[in-house]
Amino acid sequence: MKVQLSVNGREVEAEAETRTLLVDLLRDELRLTGTHVGCDTSQCGACVVHVDGRSVKSCTLLAAQANGCEVTTIEGLADGDQLHPLQAAFKEEHGLQCGFCTPGMIMSSADLLSRNTDPSEKEIRDWLEGNICRCTGYHNIVKAVQTAAKQMRD
Amino acid sequence: MYKFNYQQPSSVEEAIALFKSSEDPKFISGGMTLLPTMKLRLAQPSDLIDLNAVADFAGITASENTLTIGAGTRHADVAGSDVVGRMIPALAHLADSIGDPQVRNRGTIGGSIANNDPAADYPAGVLGLNATVVTDRREIAADDFFAGMFETVLEDDEIVIAVRFPVPKRAAYVKFPNPASRYAVVGVMVAECAGAIRVAVTGAGPCVYRFTAMEAALSKDFSSDAIKGIPCEQDGLNEDIHASAEYRAHLVGVIAQRAVAAAG
Ligand SMILES: Cc1cc2nc3c(=O)[nH]c(=O)nc-3n(C[C@H](O)[C@H](O)[C@H](O)COP(=O)(O)OP(=O)(O)OC[C@H]3O[C@@H](n4cnc5c(N)ncnc54)[C@H](O)[C@@H]3O)c2cc1C
Ligand code: FES
Ligand code: FES
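Protein chains in written order, with numbering that gives the first Met the number 0: chain A, 0 to 153; chain B, 0 to 263.
Source of the hints: derived by calculation from the structure; they are not laboratory data.
No more than 30 Å apart at the CA atoms, straight line, and that leaves these computed lysine-lysine pairs for BS3-like:
1. A:Lys1 x B:Lys2
2. A:Lys1 x B:Lys38
3. B:Lys19 x B:Lys38
4. B:Lys2 x B:Lys25
5. A:Lys1 x B:Lys19
Take these sequences, add in the hints, and give me the full structure.
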């Protein structure tokens, strides 16, 4: 079937099987490989993107279900060479080691900061419930989100 | 995933007609249970009938003493709703405790109760608050709806349209979440509605159930002390890598007391 959607502000049209997951359309067809796949069970959050302004697991949504929607991936956050405050803060605060979980962490955090500009540490940890990191121990991820939140408020 | 046909009807009638004319169809709503199951090839429907485009499938409406939640309403929208927070805060809290934000952004109340996972939260909310399940063809009292492990009285082609909750005098939902999945190891909804006390337990057994001995004790004295000594049988309770039946039986008592204390 034909799927039409807007990805990072660009209108795209792609031919997809009905069983194609949104994440596979993004990675394999559109070559936006920043969105990762870390599990088969909808639990790790490496695949988080925004669909119509809400963070979702793109491994648990059919491309067909995103037909007509606006999708934002990690590639859509930076403004040219200017990193998004969350990207800059993850770099600054060492919020990543191997980086596999990072796109999902950042997309999930971006959704949080769009609803809550000054989240507490607990609110950040609760919000990142669906994002698993095997490396950092989470502390610096939380710090990075706080740093970015502060920067975005100032 | 195996191949399937995908259909997106815009009305309930159309959805049922498509269901009837397909070989081995399934409805899909939030997809948070069905898609992972299909990815693991534990389900292979010939046709997926997507309910997301059905008109008026999602939404929350309130009257003086009832709250009606459309089947397609996402967990995040119940959790974040001002009306739900004002009229049945225990229900908003329950929705907010499901899984993680991305699961809550897609998963729906209709999908959750149709699926009737033994460890799911909404079944305890629906049974504990004495809600009514409204389908395309009838209204089903919560006491009659949940039939067993992953089983309800819904017919194959029957669609949940909405769930209607009477507004309780007081209610609270407390769960002991599995630290990895957030599903309930044990979850208890305690509510007082129209003079009657209800205690619904999820996670502990193969299917959500009412703890009638606790209800009787609480009707006389609504305090956590009143249910302190009530024994919880471990026979028939779930036993898995997360918790033994003995542990779950113990948790039912502890979590129920906490729920009573929280309901005040
Ligand atoms: C990582 C993860 C964590 C989770 N944690 C929790 C948790 O802590 N607590 C909890 O309760 N749940 C949890 N869930 C499950 C989640 O709440 C699901 O959203 C819910 O169980 C199913 O709802 P759905 O809308 O996604 O249904 P779907 O997956 O779309 O459908 C599930 C089943 O219901 C049927 N169905 C769907 N809608 C209807 C309808 N309107 N009428 C008739 N049949 C219908 C479908 O045919 C299918 O058989 C979790 C899921 C994931 C992936
Ligand atoms: S890849 Fe793990 S949740 Fe999507
Ligand atoms: S940085 Fe390696 S998984 Fe998070």
